[in-house]
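Participant: Residue-level listing of the chains:
2 protein chains.
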Amino acid sequence: MPKIAYAQMKVVAGHPDVNTRKILQLIDEARACGADMVIFPELAVPGRMVGGAWQQETFLDDCECYGAEIIAASKNITVVFGNIDIDVNDKPFNAIFVARNGKLIDSPVIGHELPSAEEKNSCAAPDTQAAYLHLENDTSDGAIEEYGASFLIGNQEQSVDRTSAFCLRLSSAPFVVGEKSATKNYGRPLISVSAVGVQNTGKTIYPFDGGSAVYNSRGELVQYAEPFAECLNFVELNEIDRMPVLKPPVETESARIYRAIRYGVKEFLEQIGVGKVVIGVSGGIDSAVAAALYVQVVGAENVYLVNMPSRFNSATTKNLSDRLAKNLGCKYFVVPIQESVDWTVKQLEGVGVSVSNFVKENIQARDRSARILAAVAASVGGVFTCNANKAESTVGYATLYGDEAGFLSALADLWKYQVYDLARYMNAEIYKREVIPQGIIDIVPSAELSTAQNVDEGKGDPLRYDYHDYLLRAFAENNWTPEEILRWYATGELEKSIGCNAGLVEKYFPNEEDFIADLERWWRAFTGMGVAKRIQSPPILAVTNSPYGARRESQNGTHFTRAYRELKAELIGGK
Amino acid sequence: MPKIAYAQMKVVAGHPDVNTRKILQLIDEARACGADMVIFPELAVPGRMVGGAWQQETFLDDCECYGAEIIAASKNITVVFGNIDIDVNDKPFNAIFVARNGKLIDSPVIGHELPSAEEKNSCAAPDTQAAYLHLENDTSDGAIEEYGASFLIGNQEQSVDRTSAFCLRLSSAPFVVGEKSATKNYGRPLISVSAVGVQNTGKTIYPFDGGSAVYNSRGELVQYAEPFAECLNFVELNEIDRMPVLKPPVETESARIYRAIRYGVKEFLEQIGVGKVVIGVSGGIDSAVAAALYVQVVGAENVYLVNMPSRFNSATTKNLSDRLAKNLGCKYFVVPIQESVDWTVKQLEGVGVSVSNFVKENIQARDRSARILAAVAASVGGVFTCNANKAESTVGYATLYGDEAGFLSALADLWKYQVYDLARYMNAEIYKREVIPQGIIDIVPSAELSTAQNVDEGKGDPLRYDYHDYLLRAFAENNWTPEEILRWYATGELEKSIGCNAGLVEKYFPNEEDFIADLERWWRAFTGMGVAKRIQSPPILAVTNSPYGARRESQNGTHFTRAYRELKAELIGGK
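Quick note, the sequences are listed as chains A and B, same order.
Note that the working numbering gives residue 366 to position 366 of the first sequence, counting from 1, and the numbers run on in steps of one.
Note that the working numbering gives residue 92 to position 92 of the second sequence, counting from 1, and the numbers run on in steps of one.
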């Protein structure tokens, strides 16, 4: 009865030495536990997101050289692992190697050329190839049995060789919040192994959740690995169809998001070798959620909260910041910025440059991040965070070198409503007490950079998040443009199409002109300054399929299609 | 004798309305001049670098709708233009359309699916297809002749249909400094038309130089368009093989770079609608070259030079800044930063954070850009520049939100020696006087952020540009790693391999340990903090095939291959 081990290992992209050391350990462990075979993820040796290293001949050679070491270590155990294979033109290909007793059993199974156009996914995976695997069978007569196996690379559906007795899938893909598509039933047992860890394409940081699992011949789940955890699991091949069927626990979106972000932040900090985190806290929701999150990752003793009031910051938000810091037990500094802002204005006016109120707003934001937070972070040997959410990032409602600065934007793939959900989730399920004061959840969202944003008068951001979250999601995640939006508005289908609550369009926009002015304002922001700011924004922790950074963007300004302009003219004519 | 017009037009990416208006005008102009045919560049309707718009169904439809308008406008003239063609799966393909008298002559010539993996190039272009073109022939009997034409898309070599009488190439590609590969001889006349303008992929701004030209059947140049200029040129098809052969003028690298950068900056500013530019000038070479460049683009009256001394800035560099501003005739402000830096340190120490000298260096850099320059730019309604060069960008020798900030890095695809060359070129050929003071060219490059960088004592940057420019180019443009570098060092071939002057390795590195320490220091910087800083750096004006931004990069830290470590051990053993 062949015993198969599958290793949901943490793959460190660009470090074949580190990955190989781990693989060799796990081979020993699997052998010691009596496994006949051990399986590692797709691209377990190089990692998937290795950036410029795909173009380095020496890196490719290095991966081959470590691959040879793994093959050599396959004494008395079949080792299946993902690495690159270099073709006659020196191009690297995604490949699966199968070795036993120091030799490859067959030629490697070759997937697509690397890197993929969209680096986070396997693409154009070929049909699977089958190989006959010699596995020890511990039946009384001690005979060696052969099993035909089909190999699948990545997440794509592939067809399976008819003669194979079971399937092995090696993959390596980032976490995505939302529905998981059902695993295809191949009509025979499937053992699927995938990597955990954090990989990045520069601007976008992807947590990999693993999701390794075993399915029976009816496509039902019979064993699975904890998400985001390294583990070596075992299954008896001939038992798979007799094992009880499992249902993975159903979780809320916030629980899934929290775990992915917490893991992603933790691993990323570890990768860059940083243990201390500085967070500017305003008394608003985004910085409060960031603070509660980072305390879970590095501990309260390593989180520095800094409140930096100007004359526009209310006692209300200052008190809420203070309460937050007390609840979390972090170090807490208050560093006022008004003197510095006044001095900057004085210096500029001294050389004849007059400074408008709008410019003064952004001076405050940059003073906080580039003058104070960056210096505090460098002084304590840590980093400071960017607390932007996806709605702000979409329309560039943030100041470059100000609140749009930091080592990582952990919340920038979350819409504002998801940030609120996360606040409530952390209070209820993680801290099990009100660490994020209810006042922060209840207060109107505001940048507090001018009297026009006075929270005590209920004034705040120009975004009505219960509507704009969904409008902006339509732009950023669905690739819809004002043409679709206006068409749905005209037919009354807008709220349903973008997924917001009914009645909001009528509530916020008394007439067509108001609706169109708002639509065009945010479309211009998304395609104009929003792009310019995203080019220089910090890396983003991805939890969706369309995080910024990974998204193809050009700084081309705003375009309205002819069909949009015609529809607009029909609705409001020459107005 | 058919007369053919070819339009080296400025294509505005993502704005089919603007491009179509231009195309319609040029069709009228060509017809008025008696042309039988007019040819427009590849992707003349949508542009090449349209970013997220490739995923917008409404954008694709819009391009088709404008394409129909162009087809409808082809009365009495054959119009050849690049647009997208949408296949049955709603995917856009690079395509050439040929229309006459309101109808397509044939099905469009289909190239590769869009977008290309590497957006700046056409890829996987198919073999050409031939079409028979009806062109008026003005011979005495007034007969209509048919000409078989082969259509080529992009810059790739393609094979040509044997029956075709001539070839038409439609392309659209960025300027690249350095050798141009010779145009393939197709054995018949070739008319090649390409776009000018500026397109971008977000982080990377590409000037398009055009390079439209006519070649005879022997592959010799007989007509060409001025680079970076919009023009409608004419050629008589039957005359091409009788036209005198031309040689385009030979130019220096600096002349080519200057023209590309000047054009790129001018067009980019126009695209983002900005006419005023603020530049922090230190008395060093990079900011001086930037100042002289921007004065040529927007005029001295729209350039604001700001010198921001701290206690570490020498009288020498302050005087040089002053002289530069006088020479250029720009507005000039001196805004000292020492008080603000002291106040920041005092505020931090006031809350118990102690500030090291190294942190104080970066406080100065951020104070200049994020506090002063950003506020001046916003106040005058302009932008401020980033003056980083490619050597600094490669190793992250710059401060984020400090000198690594700005709307555009116009010099960040130039090595330090190219910045010096550009200074000399502008003095000699553009200004024809010493606008950049010789003192700025002669002084040791220095950040002047501490006494360790005292220029009057000849101290400055840790980079020895005459060697490090070439080492870093090997990393950044050749994909060489320490493994190749150390191998060449060991065999004495290093200087020749990386292209620097002989004798420098011996001059700078007395022994193997010193050489290896330096190599590892900069490799760590390139693959470590350099990547982190580039993720948040301003857009870069590209003049090479491997500008940052376009280059695939991951923040994965530093890796040394096993072969490197073995070679190092051979050289220095356990030292």
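Just so you know, these hints were derived from the structure itself, not from any lab.
A few of these clues could be false.
No distinction is drawn between identical chains; accordingly, a pair holds when it is met within one copy or between any pair of copies.
Keeping only pairs whose Cα atoms sit at most 30 Å apart, straight-line, the calculated DSBU-like set for lysine-lysine is [said to hold, decoys possible]:
#1 Lys346 x Lys432
#2 Lys326 x Lys276
#3 Lys266 x Lys10
#4 Lys432 x Lys180
#5 Lys91 x Lys459
#6 Lys91 x Lys432
#7 Lys184 x Lys507
#8 Lys103 x Lys496
#9 Lys318 x Lys360
#10 Lys459 x Lys10
#11 Lys326 x Lys10
#12 Lys266 x Lys360
#13 Lys326 x Lys184
#14 Lys91 x Lys326
#15 Lys432 x Lys326
#16 Lys247 x Lys459
#17 Lys318 x Lys247
#18 Lys22 x Lys346
#19 Lys568 x Lys22
#20 Lys507 x Lys432
#21 Lys346 x Lys331
#22 Lys507 x Lys103
#23 Lys360 x Lys75
#24 Lys331 x Lys75
#25 Lys184 x Lys75
#26 Lys22 x Lys10
#27 Lys346 x Lys266
#28 Lys568 x Lys180
#29 Lys318 x Lys91
#30 Lys331 x Lys184
Participant: It remains to establish, for every hint, whether it holds in the given structure.
Facilitator: So, going through the hints one by one against the coordinates:
When the C-alpha separation of lysine 346 and lysine 432 is checked against a cutoff of 30 Å, the pair qualifies neither within a copy, at 48 Å, nor between copies, at 39 Å. For the identical chains of this complex, lysine 326 and lysine 276 are intra-copy neighbours only, at 18 Å inside a copy versus 47 Å across copies, given an alpha-carbon limit of 30 Å. Taking identical chains as interchangeable, the C-alpha atoms of lysine 266 and lysine 10 lie at most 30 Å apart only when both belong to the same chain, with a minimum of 13 Å there against 48 Å between chains. In this assembly of identical chains, lysine 432 and lysine 180 lie within 30 Å of each other by CA distance solely inside one copy; the values are 29 Å within and 67 Å between copies.
Taking the shortest alpha-carbon separations for lysine 91 and lysine 459, neither the intra-copy value of 58 Å nor the inter-copy value of 45 Å comes in at or below 30 Å. Taking the closest pair of Cα atoms, lysine 91 and lysine 432 never come within 30 Å of each other, the shortest separation being 53 Å inside a single copy and 50 Å across copies. In this assembly of identical chains, the alpha carbons of lysine 184 and lysine 507 never lie at most 30 Å apart, being 45 Å within a copy and 64 Å across copies at closest. For the homomeric pair lysine 103 and lysine 496, neither the shortest alpha-carbon distance inside one copy (59 Å) nor that between copies (41 Å) is at most 30 Å.
In this homomeric assembly, lysine 318 and lysine 360 come within 30 Å of each other (Cα to Cα) both inside a single copy, at 20 Å, and across copies, at 28 Å. In this homomeric assembly, lysine 459 and lysine 10 never come within 30 Å of each other (Cα to Cα): the closest approach is 47 Å inside a single copy and 46 Å across copies. Taking identical chains as interchangeable, the C-alpha atoms of lysine 326 and lysine 10 are never at most 30 Å apart, the minima being 36 Å within one chain and 60 Å between chains. With identical chains, the CA atoms of lysine 266 and lysine 360 are at most 30 Å apart between copies only, with a shortest distance of 29 Å across copies and 36 Å within one.
When the C-alpha separation of lysine 326 and lysine 184 is checked against a cutoff of 30 Å, the pair qualifies neither within a copy, at 50 Å, nor between copies, at 73 Å. For a Cα distance limit of 30 Å, the shortest separation of lysine 91 from lysine 326 qualifies neither inside one copy, at 56 Å, nor across copies, at 55 Å. In this assembly of identical chains, the alpha carbons of lysine 432 and lysine 326 lie at most 30 Å apart only when taken from the same copy (16 Å versus 66 Å across copies). Proximity of lysine 247 and lysine 459 under a CA criterion of 30 Å is satisfied in neither setting, with 47 Å inside one chain copy and 68 Å between copies.
For a Cα distance limit of 30 Å, the shortest separation of lysine 318 from lysine 247 qualifies neither inside one copy, at 47 Å, nor across copies, at 72 Å. Taking identical chains as interchangeable, the C-alpha atoms of lysine 22 and lysine 346 are never at most 30 Å apart, the minima being 59 Å within one chain and 48 Å between chains. When the C-alpha separation of lysine 568 and lysine 22 is checked against a cutoff of 30 Å, the pair qualifies only between copies, where the shortest distance is 24 Å, while the shortest distance within a copy is 61 Å. Within a single copy, lysine 507 and lysine 432 get their C-alpha atoms no closer than 36 Å, and across copies no closer than 65 Å, so neither meets the 30 Å cut-off.
With identical chains, the CA atoms of lysine 346 and lysine 331 are at most 30 Å apart between copies only, with a shortest distance of 19 Å across copies and 33 Å within one. Within a single copy, lysine 507 and lysine 103 get their C-alpha atoms no closer than 70 Å, and across copies no closer than 49 Å, so neither meets the 30 Å cut-off. With identical chains, the CA atoms of lysine 360 and lysine 75 are never at most 30 Å apart, being 69 Å at best within one copy and 57 Å at best between copies. With identical chains, the CA atoms of lysine 331 and lysine 75 are never at most 30 Å apart, being 54 Å at best within one copy and 76 Å at best between copies.
For a Cα distance limit of 30 Å, the shortest separation of lysine 184 from lysine 75 qualifies neither inside one copy, at 33 Å, nor across copies, at 55 Å. For the homomeric pair lysine 22 and lysine 10, the shortest alpha-carbon distance inside one copy (9 Å) is at most 30 Å, but the shortest distance between copies (55 Å) is not. Taking identical chains as interchangeable, the C-alpha atoms of lysine 346 and lysine 266 are never at most 30 Å apart, the minima being 43 Å within one chain and 33 Å between chains. In this homomeric assembly, lysine 568 and lysine 180 never come within 30 Å of each other (Cα to Cα): the closest approach is 39 Å inside a single copy and 48 Å across copies.
In this assembly of identical chains, the alpha carbons of lysine 318 and lysine 91 never lie at most 30 Å apart, being 58 Å within a copy and 53 Å across copies at closest. Taking the shortest alpha-carbon separations for lysine 331 and lysine 184, neither the intra-copy value of 51 Å nor the inter-copy value of 68 Å comes in at or below 30 Å.
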